[in-house]
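*Asks:* Take a look at the letters that make up each chain.
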Amino acid sequence: MGEQRFENLREALLRTGVAGRQLRRALVEIEAHFRHLVDEERAHGQTDQEARIAAHRRLGTNATLVLSYAARPELRAWSRRWPAVWFVILPLISYIVISAATLAVTLIIADQMSPYLYTIHLSPQLTARIDLSARLVLLCIFPISVFATVAVFAYRRRVALRWPLSGIALTSVLASLINVTLKFTGGPTPGEIGGGIGISPQTLPAQLMRAAILASLAVIPLWIAVRRARSYNAI
Amino acid sequence: MAPKNPAFMVGVPELVVLSLLVDREMYGYEIARAIKITTGNALSLGEGVLYPALHAMESRGLVRARSSRIEGRVRIYYALTPKGKGRLTRLSVDWQRISLSVNSVLVSQTHG
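First to last, the protein sequences are chains E and B.
Using the numbering used here, read the first sequence as starting at 37 and increasing by one per residue.
Using the numbering used here, read the second sequence as starting at -7 and increasing by one per residue.
Please keep in mind that the hints were generated in silico from the structure rather than gathered at the bench.
Beta carbons are placed, not taken as given, at the ideal position from N, Cα and C, and that holds for glycine.
Treat each hint with caution, since some may be false.
[Unchecked claim] Counterexamples of contact, computed for chain E against chain B with all Cβ distances above 10 Å:
(1) 213
(2) 255
(3) 256
[Claimed, not checked] Some, not all, of what chain E presents toward chain B, calculated at C-beta under 10 Å:
(4) 47
(5) 50
(6) 71
(7) 76
(8) 77
(9) 96
(10) 98
(11) 100
(12) 104
(13) 106
(14) 108
(15) 111
(16) 114
(17) 243
(18) 244
If we strip away everything but chain E, and leave its shape as in the complex, we get (with noise of 0.2 Å):
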């Protein structure tokens, strides 16, 4: 009885958004403190089940401890005191970060390969290959990888859904946005790489359907998160 008790104290106070370090103290310290008056209660002469359910009555109820909990702010975590902070504005600049970082990179390494470069050449399917395998890794799996960390995090900090699907749909309309380039074909013009975010009339339709595929894909992790939170719930 106690256990369940206890679990069920941990999924109340993770729902009412008590940062994890003081949750993790606060079931430490309460679970202890029902274990002293267990002993307590035993050494007036209770019985084990009269013992744990004085100590139950003494400790106070989960609905009596988590409004203790939730009146007090300063014990909230930041993502829930912040979350359109942490679930739609983070994982947008989490998105431009990690690309211009790649790109970054990838113009490093290919200024310091030049002179190799220039000794090559590279078929025009592999060329393709390569512009394609850029165009997925940028604008389809570190739009979804972000995503699946936000729906990771959405789901351990029990927040509402409204907050991770905000921040997809918004990074899913700026990776749809997004145009890269990558070109490698060595040779006298070794390659190329070129990008830009844009919207006109023409390309608008082809967008918005790129926006609703990406973020279709990317509510699969929050999907399975939400089902694992209602599995558990239901135990």
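Using the hints provided, position chain B relative to the given structure of chain E.
*Replies:* Just chain B, lined up with the frame of chain E:
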């Protein structure tokens, strides 16, 4: 049954806990027992409620915590910080002032 901890008791647990930590560091169960004994069970609150109060005081720098394992059980000991001592002094002065004021009203009512 009349409630044991009416609304004007808000803030009192903080004062009591800080007072108890003046002489030595204590862990949660020890603090709860000390409150029970020294107040004659007048401050009846769910003992678990002590922990959010302690954690909030720690986050405000009024107490500091250290962990210790004794007989297989983790104990988190709390000690008063200089900031906590200052807070205790202010709270004590406030409490004395309010207590004196309320007492004087009660005395005047009794004799009036």
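*Asks:* Where does the structure disagree with the numbered hints, that is, which hint numbers, in rising order?
*Replies:* 4, 5, 8, 16, 17, 18
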